[in-house]
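Asks: The lines below spell out each chain.
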Amino acid sequence: MRLVKMIAQVDMDGCIGCKICERICPTLAMEVVEGKAKVNFELCLSCGNCQQRCPEEAIKMVKREKPFTVFVDPEQVDKKEIERICARAKMNPEQLACYCTETRVKEVVAAILLGADTPEKISQKTGIRTGCKVECIQPALRLLEAADIKPERPEGYQWYGRTPTIWDITDEIKELYSGRGFYFDADIELLEKIARQKENHEEGKNE
Amino acid sequence: MNKVLNPIPPRRSQYGVDPGFVKKRMAEYPEMKAIYLRELFPELPQVIFPGENGLDKVRQAVHKELEKVDMSMIGPEDSVNICASHHGFTLGGGEPYAELLKAIKDVIEEKTGTKNIRLRAGVGLRFRETEEYIKSFGLDEYFDGQAKGVAPVDEGIPIETEIGTLYGLKSIYDADWIVHAHNSDVREVHFHRQVDRAVKPFAMSYARIDTRSTYHHNLGPRGANFTARAIFSSDFVQSKFAFTAILEMSPLGIIGVDADNDLYSLNDRITVSGCQNYGKVMTLLGEIDECIVGLDFPCPVPYVFAGGVIYANFVGANVDLFDLDNPLPPYTWYTEAFYDSKGKPLFKETPPPNPAIKMVVHNYAWAGYPSAFFSEHIPTIVVGEEQANLFREDPQNLSYMKHSVIAESLDAAMAFAYRGTGTDKVIVFDGAAGGINVSKSLYELLKVKAPEVKTRVDEKLFPKWLKQRGINPEELNKKNEKCR
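Protein sequence lines, in the order shown, are assigned to chains Y and Z. Counted from 1, the first sequence has number 163 at position 163 by our numbering; the numbering is strictly sequential. Counted from 1, the second sequence has number 147 at position 147 by our numbering; the numbering is strictly sequential.
Hints listed in this document are in silico derivations from the structure and should not be mistaken for laboratory results. A portion of the hints provided could be inaccurate.
Among the chain Z residues that face chain Y by a calculated CB cut under 8 angstroms, a handful are [unchecked claim]:
1) Ile163
2) Gly223
3) Gln396
4) Leu398
What you are looking at is a predicted structure, and each value in this text was computed from that prediction instead of being measured. For each residue, glycine too, the CB sits at the ideal point set by N, CA and C.
Modelling step: build the complete structure from the supplied sequences, incorporating the hints.
Replies: What follows is the structure, encoded as structure tokens:
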């Protein structure tokens, strides 16, 4: 869930049309038209990426007149489907995918099941990747992959690709480095235990 | 008891409130005293900074250390990127790290003849932070207009590693050679667990979001820093890597400069000194039974520091963060991710945030880092509406103020904290050099506890920490002697 209170505003005199904002916007809200950056009012979720990277400092964040919230209610989709995709991705539906927006994995999966087939569309629907803009691309890509979706990369460099997980570490590498403080197998056990954990802790019934 | 040490002054930054809004510092209260780290642990090494002619000593140490470093691979026409990170600028006010960078440039120029030396300074989650430091320390002029702040959303390049494809920042690697300019402050033990500490920037400030997300979501709490090793060990990075030079840190300040063509050897050295020196202070802070915490430093909430220890690690001080048998620290992003929507841990053995922290008075700390976990789990009073608004409008802190209360002034916040907690023990994370500003009652507690902590760390914990990391200190000493 993401509360959107601000919006990017471009100083047209300062904008040089370099397209950096367009290439890094996680919700595809920026587009350079006739040499000037334009902000899509609906798609801008006020992450501030453009404002932080504009080489001319020609973008500022201003308050929206009417704040709004983006959120996908996981109740809209089949819970079993959410669980199936999460299990394939080795994640717990309840765990956080995005620390800044406090978006849970189950919300991301619900967005995917409702048609979000790229990280950008997931961001537009749930708000993930609009806080720090750094940490939550991999959960999005892993969950898309678990849903058998191969997303198309946008023209910019919003993201490059799904990277290795701990399950990709070979036995050879584990053997080579486990004596150097890397506890791969123990962490796999931990992550799998958490991924399997059911929502019954209110009765104190952790696995 | 000692008079308080000067806290680091507020810094003008887009990530914090205007210094004019910081009307009073916590160290100004008469009940506050400074406990010197050397009173607690006399064996801590001597510092070259802070101190008389400290910056000159840093420069001299760089020149001396770089004498032994091989730079023969760098030709007079070659380009060199000196790669830096924001973190270095938070140490000792930032000048020593700026001096390290300037001195490295000068020595490379002297030894190789090349003039094409650039500064590439990476960031954490505040994408213009190093641009601010570059201006503030005159680095752009010093590097002849070739100093650049780089961010993880900037254009990337694929790097083939032994575990698969990871992504670095194109502008970090756009030179013939790279030089890794870092420091040995342990800082985020909750993330890197003092495993490959010296290598970490290759997966962080020099890396793309794709890679950084790998670290925090894909490789697990004790495998995470392998991301850095994988990138550094890749053929691509090895083909460009020239050498490393670092500020050698202790909780007291800068103890020297270390440099090496072999990053892993240097890494072993700082693993040892980090465990030994920071390990004692962290273990001691874990002995505090109850306290009010003051945040009062120009940095995001988790990174304000006291006695060389960052607040995020005090939040985890109820657990031995160096002990790799503990899978999840009380605070780390993996831990945070594994609390469910009802606020309960999905892994029942998850240790809670340090229960000794009864309340936090947020007098001055920056936004620009996801910090809601702290105010959600620990009662927090934020001083001043300006600061509250800064957090409300920060995309990384959408919920921080949801869980905090606001006081009009520091006086009001402290009065509330004393009444609400019933403790008179206060510790201030204000970056004071050489010691920690604490209340008299906490001063006494730390003095009493320190001798036992020293014995426990020296005799039991330190050997265990090194064994877990595959380091035999005797062999390391022999190896270092050989190098000398």
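Asks: Next, verify each hint and record whether it holds.
Replies: Against the structure, the hints:
no. : hint   : in the structure
1   : Ile163 : holds (4 angstroms)
2   : Gly223 : holds (5 angstroms)
3   : Gln396 : holds (5 angstroms)
4   : Leu398 : holds (6 angstroms)
In this structure, none of the earlier numbered hints is contradicted; all agree with it.
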